[in-house]
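Line order of the protein sequences matches chains V and S.
Just so you know, we're using the working numbering here: the first sequence kicks off at 1 and counts up by one.
Just so you know, we're using the working numbering here: the second sequence kicks off at 1001 and counts up by one.
Please keep in mind that the hints were generated in silico from the structure rather than gathered at the bench.
Being a predicted model, the structure only gives us computed values, none of them experimental.
Virtual Cβ for every residue (Gly too), placed ideally from N, Cα, C.
Stretch by stretch, here's where chain S covers chain V in the computed footprint (C-beta under 8 angstroms, at least three residues):
#1 14–24
#2 93–107
#3 250–260
No more than 20 angstroms apart at the CA atoms, straight line, and that leaves these computed lysine to any residue pairs for SDA-like:
#4 S:Lys1219 <-> V:Asn261
#5 S:Lys1119 <-> V:Arg11
#6 V:Lys156 <-> S:Ala1282
#7 V:Lys156 <-> S:Glu1285
#8 S:Lys1289 <-> S:Cys1235
#9 S:Lys1066 <-> V:Ser12
#10 S:Lys1289 <-> V:Arg280
#11 S:Lys1066 <-> V:Glu18
#12 S:Lys1066 <-> V:Arg19
#13 S:Lys1119 <-> S:Gln1063
#14 S:Lys1119 <-> V:His14
#15 S:Lys1196 <-> S:Leu1047
#16 S:Lys1066 <-> S:Glu1086
#17 S:Lys1006 <-> S:Leu1176
#18 S:Lys1066 <-> V:Gly59
#19 S:Lys1289 <-> V:Leu284
#20 S:Lys1219 <-> V:Leu284
#21 S:Lys1058 <-> S:Arg1118
#22 S:Lys1289 <-> V:Asp262
#23 S:Lys1066 <-> V:Val13
#24 V:Lys156 <-> V:Ser190
#25 V:Lys278 <-> S:Ala1220
#26 S:Lys1195 <-> S:Ala1162
#27 S:Lys1289 <-> V:Pro219
#28 V:Lys156 <-> S:Gly1283
#29 S:Lys1289 <-> V:Pro220
#30 S:Lys1058 <-> V:His14
#31 S:Lys1119 <-> S:Asp1082
#32 S:Lys1119 <-> S:Arg1064
#33 S:Lys1066 <-> V:Val60
#34 S:Lys1219 <-> V:Glu282
#35 S:Lys1006 <-> S:Thr1181
#36 S:Lys1066 <-> S:Asn1252
#37 V:Lys278 <-> V:Asp238
#38 V:Lys156 <-> V:Met222
#39 S:Lys1119 <-> V:Val13
#40 S:Lys1219 <-> V:Asp262
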Amino acid sequence: MPEKIDTPAQRSVHYEPERATLVRRERFTEQDSVFAFQLEERDSLGHLPGQFVQLFVPGVGEAPFSISSSPTRPGPFELCIREVGNVTRAIHDLEIGDTIGIRGPFGETCDIDRFAGNDVLFIAGGIGLAPLRSMIQYVLDNRDMFEDVAVLYGCKEPEEMLYPGEVNEWEQSDSIDFRMTVDEVPEDQSWDGNVGVITTLIPSLNLRPEQTFTIVCGPPVMFQYVQQELDEKEIPHDQLYLSLERRMHCGVGLCGHCQINDLYVCQDGPVFNYEVIKDRPEALG
Amino acid sequence: MKILDKPDFDQLLEEWIAEDPREVVGPVHDGTKFTFDRLGSPEALRLDYDLTMLSPKKYFFPQREKLVTYGSDNGDYEMMRDWSDESRIIVGVHPYDLVAIEQLDAIFIDAQGDEPYRKKRENSVLVGVTMQSVSEHSFAESMGTARTETGYDLLLTELEDAYAIEIGTEKGSAMLEPAPTREATFEEVAAVEAKKNEVTAEFEKEIDFAPEQLPSLLKAGYDALDVWEDYADGCLSCGTCNVVCPTCYCFNVDVTDYITDDVGGTQRRWDGCLLEDFAAVAGGENFRKERVERHRHRLMRKGNYLYERFGDIACVGCGRCTQQCVADVADPSEIYNELWRTVNA
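Make the full structure from the sequences, and use the hints.
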């Protein structure tokens, strides 16, 4: 029998979005930009790293997005959004000062504080950096709580890089071991770093498996190879977390779209312990 | 237990229809099928129905339901909740549908706090009825839902010239106040019990094992793809089995009432896990791409997933999916029985 999941405490869900204003945006790639929103009636969103919101664009629709900024950084919260559908296209068309609707924050996340006193390893593939960034920032802002911290980040090609300014800071920083790779370098781009898929960064890491907590986010196919490499390093499965993507419509455990077998990504995730999902055949596609 | 003569029951119904601000609905026959619909007069009520097209779930969780209305003043949007809190007096609900509503109450209200559902449910009245006819597709008796002691405000059982009425709640008791009821005699109480038992013999379909065994059967049979494929092969992925089910509650949230850029709303509408793109995400991945995976998911959810989460087996054996499946591959009793034989072979 799968373990019983606790249902959330009594609450009231009325589906009414809160007004928020676009206060800042920055383009990273042709299709990826970061958007910072300020809620009208509250200073901060009050989220945990790894949680998500439902963003509503009037006239277009609503879609779920991971929050890419950490609650340790007050002020507007950030969403890093790839333009792939109607809602995301409409978000990319927003101008500073435009109003949208927000519901949330929603979701269960990993208890980062459980990692205190241990090593933390982040592995991000492509747009997977967006949800992980909230946790990376959180760890950096509480750096004394943790031992060694490493971030592995892989993109398809150099021009696909998200958060280039921050990536540059991480590269320079003494407090984390940051490593990056690109799958390939097209002729019209320049790159003097690693070339190869993200799994090629793992063998050379000097990990202490008994005290390494790993959080992975990327396409499902990436995870399968990453996990094989982490098994080589003997990282226990209950110290391995993943952030999963599904198309939540409600965010509150009802609409059924995000179900992974018996689990709901919107309530039991989006960040899951690998031990919990590894026997759920629908988890990794 | 109260007794109300049939003419007095009709009179009571007339009064509800005329005086209660809530709409009175019940099973009616539209010439070809039974449906829950508005009762214009007591004569329209057909308590002898076997199975309605949809369950009364539609009154608390409508097929389409507005959630939010937005409007703009020069691009500055206001977004307001706009769902209906209309409640109803629902007469003539069979026990399996009462059980299904209890399950939805536990999920929508107790666990998830869904306000659009709660507001409609809270002030509604459920008048149950002991089954008088049994659909050839139903296997409610073997699911333990052909009778129920809970989930109703009032429960009617037809006797010769009167209705025996069991009172489930104070709300139900208040509804009866205007009527000239009397206490039931011992004979009448025994007659009600006999009626409830009588109907249990009329079911043509059943599952071949105790319903409590369903969750573990499904877990054991998850990889019995031959069984799942037997049925999925003919499935048209139309989602009818989902939308007619009294315990299915998946939905989409869409933008609607799209009149201009500046005024509109969102609605939720019933969705179905059998539909091909149900588990697709924006990046192109579809997490239940194969028909057999979606078919299995529906039955796993009914008999295992929701049970593990909320403690109820979410198939009440009503037979609606069987009755309305165009391809004749949806019958849960048939599938569960085949799975039972395979797993125990």
